[in-house]
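*Asks:* Here is how the chains run, residue by residue.
Protein chains: 2
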Amino acid sequence: MNIQISAPASQSSRIRNSVFLQKVTVAEEAVKVIGHGDTVAVSGFASAGTPKAIIPALVGRIHAARAAGSNFTIDLLTGASVSTETERMLAEVDGIALRMPYQAESTARQKINAGRMDYVDIHLSHVAQQVWEGYYGPVDVAVVEVAGITETGELIPSASVGNNKTWLDVAEKVILEVNSWVPDAMDGIHDIYYGTALPPHRRPIELTDVEDRIGQPHYRVDPGKVIAVVETNAPDSASPLTAPDAVSEAIAAHVLEFFDNEVRRGRLPENTLLPLQAGIGNVANAVLGGLDRGPYRGLTCYSEVIQDGMLHLIKHGTVRFASATALALSEAGIAELTSNIDFYREHIRLRPQEISNHPEVVRRLGIIAMNGMLEADIYGNVNSTHVMGTKIMNGIGGSGDFARNGYLSMFLSPSTAKNGAISSIVPMTPHVDHTEHDTQVVVTEQGLADLRGLSPRRRSRVIIERCAHPEFRPLLTDYVERAQAAPGAAGHTPHLLGEAFSFHQRYLATGTMRTFH
Amino acid sequence: MNIQISAPASQSSRIRNSVFLQKVTVAEEAVKVIGHGDTVAVSGFASAGTPKAIIPALVGRIHAARAAGSNFTIDLLTGASVSTETERMLAEVDGIALRMPYQAESTARQKINAGRMDYVDIHLSHVAQQVWEGYYGPVDVAVVEVAGITETGELIPSASVGNNKTWLDVAEKVILEVNSWVPDAMDGIHDIYYGTALPPHRRPIELTDVEDRIGQPHYRVDPGKVIAVVETNAPDSASPLTAPDAVSEAIAAHVLEFFDNEVRRGRLPENTLLPLQAGIGNVANAVLGGLDRGPYRGLTCYSEVIQDGMLHLIKHGTVRFASATALALSEAGIAELTSNIDFYREHIRLRPQEISNHPEVVRRLGIIAMNGMLEADIYGNVNSTHVMGTKIMNGIGGSGDFARNGYLSMFLSPSTAKNGAISSIVPMTPHVDHTEHDTQVVVTEQGLADLRGLSPRRRSRVIIERCAHPEFRPLLTDYVERAQAAPGAAGHTPHLLGEAFSFHQRYLATGTMRTFH
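Order-wise, the sequence lines are chains B and W. Mind the numbering: the first sequence is residues 1 to 517 in our numbering, read in order. Mind the numbering: the second sequence is residues 1001 to 1517 in our numbering, read in order.
It should be emphasised that the hints constitute simulated quantities derived from the structure, not laboratory data. For glycine and all other residues, C-beta sits at the position ideal for the given N, C-alpha and C. There may be inaccurate statements among the hints.
[Stated by the list, open to error] Interface residues of chain B toward chain W, partial, derived using beta-carbon atoms under 7 Å: (1) P204; (2) G366; (3) K391; (4) G453.
Kindly produce the complete structure, drawing on both the sequences and the hints.
*Replies:* If you want it as structure tokens, here you go:
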């Protein structure tokens, strides 16, 4: 193969190394290196950093192969979700045999739930090490978006880091997308750590403050592996942004009151608390908004993604420093960041996800983990992933990385869904992503259940009283009282196995968990 | 209070500091400091290091209070289990209001399952930090067994470390039991790390090899807090030892074959593998015995307890070094250790359990975690604690510390229990201690299921085929096939909610999970 032949002349000043310049080509040429059955590792985390040109070209190749009567699927490894359009176009052509580690798109979800796409839903901190350990076989091709290539042949990361360092290290062949839409001045915001290893060669990760720089600003890559460089100038898809609603504001208020109490009791540092991690979405945004109105100054965040709300907090000084692995901004957020990039670059660090989610660092920093959930049971077991126990929604993502090893593990959700038809507090969750051992605080708009130091029976009282919607409280209380009274069978964690999923079964049969209408 | 008045003259050369010598008294005097409602933190981990004199004296005090018409209970915090007799005598007098973090004794278990004792079943690595964080209120009294007191007033640990360092640090008052039965020459086997802190003051734990010494040999204590020193000369209770049976040997054979394959595929270092962690019991002993007959030399162990089998491995050179937080030896094992203590002291390190089980260290060292279980479901969710979902057996102990952050997380069990009436592979576990995300390998005497990189549907096939007992395989296959065929409802993780616990319900109704007799 001699793809240089068809390469267009580079129009870009982003490729400042002649070896790489010679490899410039178009996406349609580059994807010829990807074959049926290949394992393809792709950049992208949330809405940031997905390759813009290669995947559409690959989809074209899959179409052509199908038209010619051949099958064509890949195993797709990413950081977390990739852009919605990218996930959808690959799912629509049935182009993915195996997907790992996270998705959040409706077409892919349908294929997975229909058993037509294998999906391996793992902790985001585990991805790099599991690929290094060979659980997914060799990685044939990496497709990585970068902002530029330096004179020395290093790669300037774009708006997400994710597993890109690992993909560049392990892949047999590499396709680079150089996206000149990414502001030049973002160079320097990244901290790419090259100190990880497989055991027995691991050393301490010397990160003790959220803003510590422990790596280098750029990725390394063996230029001999780079088989094509494709130039693009295309924006990241914007993350949708919805204003916090009354329910989110109520949840946030309970969280903020809890923080105030913890500070008063000397269990959290005043002003600065401890580094915050918050999942994506309305509730997280409402909590961040609430912090901005509170007494806190100089907060830190150690999380996966940076959303619009974080930019405001940084600008106001409420947040001193935020570490993440990706930006996930709205169009307005992207404009705010790019027009003030010199300021934000001094207050944001983007790291590989094996570091942003690393158990060692999460434990050391003492993260306050705030993650959403689908439902919790009356004992504090949490389901983050499976609707009615069987259908995947998105995936566990990084929630387990933070909940398991953090200082405080909080799970947040409205107390009901589907206009009140679904209770997010149930007798037993039909899928468990976070066990009772890892759940310390549950919050709904109804209130906050502090489960620390409580036995299961006490937990059930607190969760039902504080968190369940009043319309479901009698049903839950009735369940647990009868379970506790079961002759000779109640046990440490009382349950009635024949009724443990009665809420879910009722919903499947009648469309509501209510017994009243 | 002036307990020195009744103090007997010390007979022991174990107390080499005059301040402490003046505090020597008898147990009956010492326990007067413990009052109803107190939180009492006690030394002890497995069968080693439980105080021998104070608890019986405390039980006497509880008896007397009850006879006088008063209630008398304590909240009891320990390392893990304490000696069986100790746990039993306190449970028999209903002396415990709250128990944390682990128990393994039948009377206590009955009280807990009857709702008469609050039990908080948490990860062993969390105990020290949660007590420091104040989840259990102030610790009124610590009762700690030591082997001696040095000239400078430091304390020589005995046969378990557990949380003793933390108890001595946080308790308002301290009672020491100086047990001269512990061999003098054990001094030096311990490594007490004083570098932990609450966030935001945590630093990296600079332990990169199982044998690294990062602390000091002795505990520190503020002598002003020590209100009594009681002398004893009493052996640890011996851990029962049963010879591996055919089922355990078969499980071990599958594990060893798996290790061989991993070495061959370059995924584990040959000869030395990676540091091993094994739970207590027959299966663990069989695995260790198998390693002794294999090609391995210079292995290391990083675990909670050291059992007899480990001494043999060390003596043969199969194991180069073993780190743990406690010894749990049979009478023969105790004799072997004490008569060769100078040898074993060079190959064993006993650490605080916050270090033996620390997520940072477990992840860095790349532990191979081998833990027992009650049951696994067809997707790899594991129940380690609750019989039929409600009745506590023991507790999660350290299994989650190792499974969640280790390199390989393996769960081991015979495929059946109760003479074949119970299948340890079930459609859904009615309690989850380790989620599918944290279970990589399941092993029974039937075979080994390697779940790495597999989606749930693939996992179910492998677990049923490899691990389920042949008599239960058709039932499990029938369940999963019907779940997969459920119209519109199958999902990523197919289940039939109305039948998910049919195995357990059948057992509760008929005494067996079988449908055939």
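*Asks:* Each hint should be assessed against the structure and marked as holding or not.
*Replies:* These are the hints, each one checked on the structure:
no., hint, in the structure
1, P204, "holds, 4 Å"
2, G366, "holds, 2 Å"
3, K391, "holds, 4 Å"
4, G453, "holds, 4 Å"
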